[in-house]
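Asker: Take these sequences, add in the hints, and give me the full structure.
Chains as they are written, first to last, in numbering that gives the first Met the number 0: chain R, 0 to 628; chain X, 0 to 306.
Honestly, the hints are just simulated from the structure, not real lab data. For glycine and all other residues, C-beta sits at the position ideal for the given N, C-alpha and C. One or more of the hints may lead you astray.
Reference listing, derived: stretches of chain R covered by chain X, where coverage requires no fewer than 3 residues with Cβ under 8 Å from a Cβ of chain X [what the hints assert, rightly or not]:
{"no.": "1", "segment": "402 to 412"}
{"no.": "2", "segment": "417 to 424"}
{"no.": "3", "segment": "612 to 622"}
Derived contacts from chain X toward chain R, CB cut-off under 7 Å, selection only [to be verified]:
{"no.": "4", "residue": "Ile-46"}
{"no.": "5", "residue": "Gly-50"}
{"no.": "6", "residue": "Glu-51"}
{"no.": "7", "residue": "Gly-54"}
{"no.": "8", "residue": "Leu-56"}
{"no.": "9", "residue": "Glu-74"}
{"no.": "10", "residue": "Gly-245"}
{"no.": "11", "residue": "Ala-248"}
{"no.": "12", "residue": "Ala-256"}
{"no.": "13", "residue": "Ala-259"}
{"no.": "14", "residue": "Gly-270"}
Taking beta-carbon pairs under 10 Å as the criterion, some of the chain X residues facing chain R (in silico) [claimed, not checked]:
{"no.": "15", "residue": "Asn-35"}
{"no.": "16", "residue": "Trp-59"}
{"no.": "17", "residue": "Ala-61"}
{"no.": "18", "residue": "Gly-66"}
{"no.": "19", "residue": "Asp-67"}
{"no.": "20", "residue": "Phe-75"}
{"no.": "21", "residue": "Pro-84"}
{"no.": "22", "residue": "Ala-97"}
{"no.": "23", "residue": "Leu-100"}
{"no.": "24", "residue": "Gly-104"}
{"no.": "25", "residue": "Tyr-112"}
{"no.": "26", "residue": "Ser-174"}
{"no.": "27", "residue": "Tyr-240"}
{"no.": "28", "residue": "Gly-244"}
{"no.": "29", "residue": "Val-260"}
{"no.": "30", "residue": "Lys-274"}
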Amino acid sequence: MPYPHRRLSALTAALLALCLLLSGVPSAAAQSSGPPGGPQSDVASYQIQVTLDPQSKQLQGSERITYRNPSADTLTELWFHLYLNAFRSPDTQWLRESGGAHRGFAAEEPGWIKVERLALADGGPTLLLPDGGDTAETNVRVPLPKALGPGQTLTLEATWTAQLPRVFARTGYAGDFFMVGQWYPKLAVYDRGHWDSEPWHANSEFFADFGNYDLAVTLPQSYVTGASGVRQGETANADGSKTVRYRAERVTDVAWTAWPQYQAVDRQMQAAGQTTQVELLLPASEAGDAERHLAAIRAALDAYGTWYGAYPWPKLTVVVPPEDAGGAGGMEYPTLVTTGSNGPTRGLPGIDNGIYGLETVTVHEIAHEWFPMQVQSNEAAEAWLDEGFADYLTTRLLGRLYGPDRSVLNLPLLRLGYVNQQRGVVGSAGVEQEPLAQPSWQFQSPYTYAATVYGKGSLALLSLQGLYGDERFTAALHHYADVWRWRHPTSADLRDALAQALGQNLDWFFNSFVFGRDVVDYQVGAITDGQATVERVGEARYPVDVRLDFADGSSRLERWDGQERSLALAGDGKAIAGVAVDPEERITLEINRLDNTRLEQPALAPALALADRWLAFVQMLLQLVGQVG
Amino acid sequence: MMRSPAAFPSFGREVALGLQAAVRRWPLALALYLPNLVLGLLSALPIFLAGEALGQLGPWTARLAEGDLANTLIEFSALRQASPPAELRAAGGDLVWALLLLALGVLAQGTAYNLLAGAVLGRLAGDDDVTFGSAFRRWAGPMFWFGFLALMVVLLAGTLGVVLVALLPVDGSASLLVKPLLGLGWFALLNGWLEVARASMVARSDPRALRALGRAITLPGRVWLPAIVLWLLLGLVGALYLGLGGSLAVAVPGALALLAVAVQQLVAFAGAWLKLARLGIALGVARATAGPNLATSSASRRYTARF
Ligand SMILES: [Zn+2]
Numbered sequence: 000m001p002y003p004h005r006r007l008s009a010l011t012a013a014l015l016a017l018c019l020l021l022s023g024v025p026s027a028a029a030q031s032s033g034p035p036g037g038p039q040s041d042v043a044s045y046q047i048q049v050t051l052d053p054q055s056k057q058l059q060g061s062e063r064i065t066y067r068n069p070s071a072d073t074l075t076e077l078w079f080h081l082y083l084n085a086f087r088s089p090d091t092q093w094l095r096e097s098g099g100a101h102r103g104f105a106a107e108e109p110g111w112i113k114v115e116r117l118a119l120a121d122g123g124p125t126l127l128l129p130d131g132g133d134t135a136e137t138n139v140r141v142p143l144p145k146a147l148g149p150g151q152t153l154t155l156e157a158t159w160t161a162q163l164p165r166v167f168a169r170t171g172y173a174g175d176f177f178m179v180g181q182w183y184p185k186l187a188v189y190d191r192g193h194w195d196s197e198p199w200h201a202n203s204e205f206f207a208d209f210g211n212y213d214l215a216v217t218l219p220q221s222y223v224t225g226a227s228g229v230r231q232g233e234t235a236n237a238d239g240s241k242t243v244r245y246r247a248e249r250v251t252d253v254a255w256t257a258w259p260q261y262q263a264v265d266r267q268m269q270a271a272g273q274t275t276q277v278e279l280l281l282p283a284s285e286a287g288d289a290e291r292h293l294a295a296i297r298a299a300l301d302a303y304g305t306w307y308g309a310y311p312w313p314k315l316t317v318v319v320p321p322e323d324a325g326g327a328g329g330m331e332y333p334t335l336v337t338t339g340s341n342g343p344t345r346g347l348p349g350i351d352n353g354i355y356g357l358e359t360v361t362v363h364e365i366a367h368e369w370f371p372m373q374v375q376s377n378e379a380a381e382a383w384l385d386e387g388f389a390d391y392l393t394t395r396l397l398g399r400l401y402g403p404d405r406s407v408l409n410l411p412l413l414r415l416g417y418v419n420q421q422r423g424v425v426g427s428a429g430v431e432q433e434p435l436a437q438p439s440w441q442f443q444s445p446y447t448y449a450a451t452v453y454g455k456g457s458l459a460l461l462s463l464q465g466l467y468g469d470e471r472f473t474a475a476l477h478h479y480a481d482v483w484r485w486r487h488p489t490s491a492d493l494r495d496a497l498a499q500a501l502g503q504n505l506d507w508f509f510n511s512f513v514f515g516r517d518v519v520d521y522q523v524g525a526i527t528d529g530q531a532t533v534e535r536v537g538e539a540r541y542p543v544d545v546r547l548d549f550a551d552g553s554s555r556l557e558r559w560d561g562q563e564r565s566l567a568l569a570g571d572g573k574a575i576a577g578v579a580v581d582p583e584e585r586i587t588l589e590i591n592r593l594d595n596t597r598l599e600q601p602a603l604a605p606a607l608a609l610a611d612r613w614l615a616f617v618q619m620l621l622q623l624v625g626q627v628g
Numbered sequence: 000m001m002r003s004p005a006a007f008p009s010f011g012r013e014v015a016l017g018l019q020a021a022v023r024r025w026p027l028a029l030a031l032y033l034p035n036l037v038l039g040l041l042s043a044l045p046i047f048l049a050g051e052a053l054g055q056l057g058p059w060t061a062r063l064a065e066g067d068l069a070n071t072l073i074e075f076s077a078l079r080q081a082s083p084p085a086e087l088r089a090a091g092g093d094l095v096w097a098l099l100l101l102a103l104g105v106l107a108q109g110t111a112y113n114l115l116a117g118a119v120l121g122r123l124a125g126d127d128d129v130t131f132g133s134a135f136r137r138w139a140g141p142m143f144w145f146g147f148l149a150l151m152v153v154l155l156a157g158t159l160g161v162v163l164v165a166l167l168p169v170d171g172s173a174s175l176l177v178k179p180l181l182g183l184g185w186f187a188l189l190n191g192w193l194e195v196a197r198a199s200m201v202a203r204s205d206p207r208a209l210r211a212l213g214r215a216i217t218l219p220g221r222v223w224l225p226a227i228v229l230w231l232l233l234g235l236v237g238a239l240y241l242g243l244g245g246s247l248a249v250a251v252p253g254a255l256a257l258l259a260v261a262v263q264q265l266v267a268f269a270g271a272w273l274k275l276a277r278l279g280i281a282l283g284v285a286r287a288t289a290g291p292n293l294a295t296s297s298a299s300r301r302y303t304a305r306f
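Answerer: Structural data, given as structure tokens:
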């Protein structure tokens with residue numbers, strides 16, 4: 000569902016929505032208004048006490064919520080997320096959409112959350128929840144007994160019981176392991192004139208206001224715990240349990256994990272001029288990879304911090320779930336991420352060190368500590384603003400660490416770069432024309448969703464980087480992060496912030512790839528009579544370099560604005576040996592590079608070299624045949 | 000150094016003699032190397048043409064030659080929606096030819112080996128007056144039939160072994176090491192057994208292929224253990240050769256094509272000689288297992304006298 004923007008009148012929004020519906024054009028091409036007044040880092044704060052029953056896998060919780068109306072509107076209702084209800088029964092909307100599986104992990108046991116009581120604090124009136132709080136909904140509307148004016152604050156109290164599912168879709172248990180995410184009654188976001196009333200979808204992630212969290216977890220003393228925020232202390236209880244306290248400031252969520260068998264590695268890291276306390280929690284079976292994780296964590300904190308502003312919290316917790324809890328891996332929460340291992344190749348000499356799967360997940364999740372954990376875009380409505388960004392940061396960092404052409408695989412006979420992998424994913428999923436800014440739940444499948452928001456999203460940012468250069472574009476994204484930190488930007492806000500920083504109008508780019516369905520596709524045309532032609536096949540008018548190579552060994556580079564359908568280049572009396580569009584391969588969005596170059600004469604040396612490689616391969620293969628029998 | 004004709008032949012001694020024969024008659028390796036070279040060149044020619052065509056469309060040929068396969072081939076997923084340029088269609092046609100010639104090459108190599116193995120064994124085992132041509136005429140037919148049976152054995156027993164190894168209850172990274180090793184070990188034993196069977200035909204001057212297979216299965220108990228150790232050792236040497244030879248061939252930068260070709264031919268010839276050595280050793284094992292009555296062939300006596 001397209002969502003309107005701030006300061007669009009209701010009528011304009013309705014007309015726009017109608018036009019969009021009729022035309023099939025995706026949302027949000029309208030100009031954004033720019034950032035609102037000040038940072039919104041203290042809108043929704045929570046004090047949560049929770050007790051874990053390891054046998055029933057249930058949570059008994061109570062929470063006190065302080066909510067400040069951040070808008071200029073008067074609110075007469077609140078909306079609450081009850082995410083765990085997505086797993087209540089096989090026929091929930093979420094499980095129907097997902098087909099009962101998420102990233103290859105199946106839903107095996109139900110999960111749910113029941114709100115026993117929700118009231119205004121300190122003896123205030125009880126608030127009415129649908130079905131008395133025992134609802135199948137993942138997002139519920141709660142009318143307020145008294146309107147909440149702009150800037151006014153209210154405090155709520157809630158008690159609830161939650162059943163964790165067998166670990167799946169980021170959250171749940173596996174034996175005595177617990178990863179607890181999306182687990183408490185949580186306020187939705189009121190932004191740009193409306194509540195985020197969308198239910199939780201299988202492809203969707205999250206959206207929340209910033210605030211401060213005080214978390215107290217009571218559980219058996221044998222458990223090792225980790226959580227968002229900083230550990231405040233631990234008290235032993237008379238019944239043999241313990242209560243562990245955490246506090247997290249300026250965050251949008253808290254998640255926690257508990258497992259008696261965690262090994263904890265603490266490391267103080269200096270990164271981007273900042274000291275960060277890093278805690279790595281991992282199973283003993285993964286202990287051999289601890290240093291690899293720590294090196295990746297340090298590299299990520301340092302690079303992202305240098306590029307977009309230092310990591311703003313005192314602590315980062317990184318969790319490697321045990322092998323039977325893979326569904327908990329690869330997820331981001333404020334100041335806490337879960338990652339994974341290389342799986343079957345773990346520790347395999349000569350192989351495992353050249354497979355960067357472990358580093359990829361770790362640095363991708365840490366990238367989310369910038370986008371969206373500081374710059375909280377709506378992850379469900381415009382997932383590319385966090386996933387595309389995280390993968391773009393990952394691509395940059397891994398390319399710097401290992402080389403762009405081997406940042407996924409770096410094996411003796413096989414190498415693969417992250418950018419190339421993304422180009423392959425986008426191509427094989429056929430999502431070249433999918434607009435980046437579309438709600439997660441409108442994608443056809445989890446694959447087209449992921450290929451678009453991760454793959455095409457990061458290729459789009461890499462293409463802009465190619466156009467404006469690393470330094471300028473990094474500074475522009477830093478500017479966007481600075482303007483929108485602790486706020487809720489949209490794609491249009493990103494466009495305006497980048498345009499401001501670069502001093503360029505970026506409407507053409509956003510209208511083509513973010514809101515529109517254009518593709519970049521250039522090709523070389525004919526070379527005749529001392530003249531070469533290059534052509535624009537795709538709709539997108541992307542500024543591109545064109546290189547003419549001459550028979551005398553010299554060459555000439557030109558920038559073409561791509562406005563016309565074709566461009567003729569004269570050799571100026573010199574014989575043309577070849578022509579190449581985008582010879583540096585800067586436009587990672589280019590959908591077909593196979594027609595971007597043409598040489599007049601075939602080159603002998605590469606063909607000989609290739610034939611020799613083939614000869615070597617065939618001779619070895621035939622030896623193998625000859626060796627048998 | 001003469002031994003009593005009634006005694007069992009010594010395993011180690013016969014094996015050493017077989018190896019010595021392979022060293023002495025190293026030019027026989029040419030017979031195994033030349034088909035490899037000719038078939039390789041036949042298949043490489045269309046790849047050269049494909050490389051020329053593809054090279055006109057950008058850096059793809061050079062990148063493939065540098066071994067950057069995955070990054071380069073991923074670009075070809077763009078063909079899903081674009082109409083390919085003529086050069087690309089030409090390169091695709093050339094690639095089909097190369098693959099076809101490769102498949103035929105595999106068949107031809109297998110056939111050539113089976114036709115030539117008898118002649119090579121005959122020269123390794125026989126008098127200097129047994130010419131390559133006469134040994135070829137004598138053994139080409141029986142060995143071709145043996146090769147067919149051996150192929151069946153490899154397909155059946157090899158598949159069975161692979162399935163059994165795959166079913167082993169070993170998990171995690173250990174399985175990535177253990178299972179391939181077990182699989183390789185199984186093929187090494189299978190291969191060693193077949194080679195001894197083949198060699199026993201020449202050693203006993205008995206062209207019956209089925210009987211040769213049976214003979215190799217029913218090795219005398221005293222040579223079982225050394226034979227198994229020997230075959231595993233040879234399997235290891237073969238695997239090392241393929242690994243090192245392959246790495247060496249790839250290590251030379253693609254730009255130095257002529258040097259790369261030269262290195263590759265040395266590697267291929269070394270592989271052919273290794274095969275020759277295996278045949279010599281198989282001959283030794285076949286003799287060692289032949290028993291006192293048949294054992295001390297004229298040939299081995301002669302080697303004893305010579306060395
Ligand atoms: Zn992500």
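Asker: Counting residues of the segment 402 to 412 of chain R that have a beta-carbon nearer than 8 Å to any beta-carbon of chain X, does the count reach 3?
Answerer: Holds, because 4 residues of the segment 402 to 412 of chain R bring their Cβ atoms closer than 8 Å to Cβ atoms of chain X.
Asker: Less than 7 Å between beta-carbons is the criterion; does Leu-56 (chain X) satisfy it with respect to chain R?
Answerer: holds, 6 Å
Asker: Once the shortest beta carbon distance from Gly-50 (chain X) to chain R is found, is it less than 7 Å?
Answerer: holds, 3 Å
Asker: Quick one, is the Asn-35 (chain X) hint okay against chain R at 10 Å, beta carbons?
Answerer: Since chain R brings a Cβ to about 5 Å from Asn-35 (chain X), closer than 10 Å, the hint holds.
Asker: Identify whether the interface hint at Ala-259 (chain X) stands, where standing means a beta carbon of chain R within less than 7 Å of its own.
Answerer: Holds. Min distance 5 Å.
Asker: Hold the hint about Gly-270 (chain X) up to the distance rule: shortest CB distance to chain R must be less than 7 Å.
Answerer: holds, 4 Å
Asker: Just to be careful: measuring from the Cβ of Phe-75 (chain X) to every Cβ in chain R, is the smallest value less than 10 Å?
Answerer: holds, 7 Å
Asker: Does the nearest C-beta of chain R fall within a distance shorter than 7 Å of the C-beta of Ile-46 (chain X)?
Answerer: Since chain R brings a Cβ to about 4 Å from Ile-46 (chain X), closer than 7 Å, the hint holds.
Asker: Can Lys-274 (chain X) be said to touch chain R, with a Cβ gap under 10 Å?
Answerer: holds, 6 Å
Asker: Can the hint on Val-260 (chain X) be confirmed by a CB-to-CB distance to chain R that is less than 10 Å?
Answerer: Since chain R brings a Cβ to about 5 Å from Val-260 (chain X), closer than 10 Å, the hint holds.
Asker: For the restraint on Gly-104 (chain X), tell me whether the closest CB of chain R is nearer than 10 Å.
Answerer: Cβ of Gly-104 (chain X) sits 6 Å from chain R, so the hint holds.
Asker: Hey, does the Tyr-112 (chain X) contact hint survive, CB to chain R under 10 Å?
Answerer: holds, 5 Å
The structure is consistent with each of the numbered hints, conforming to all of them.
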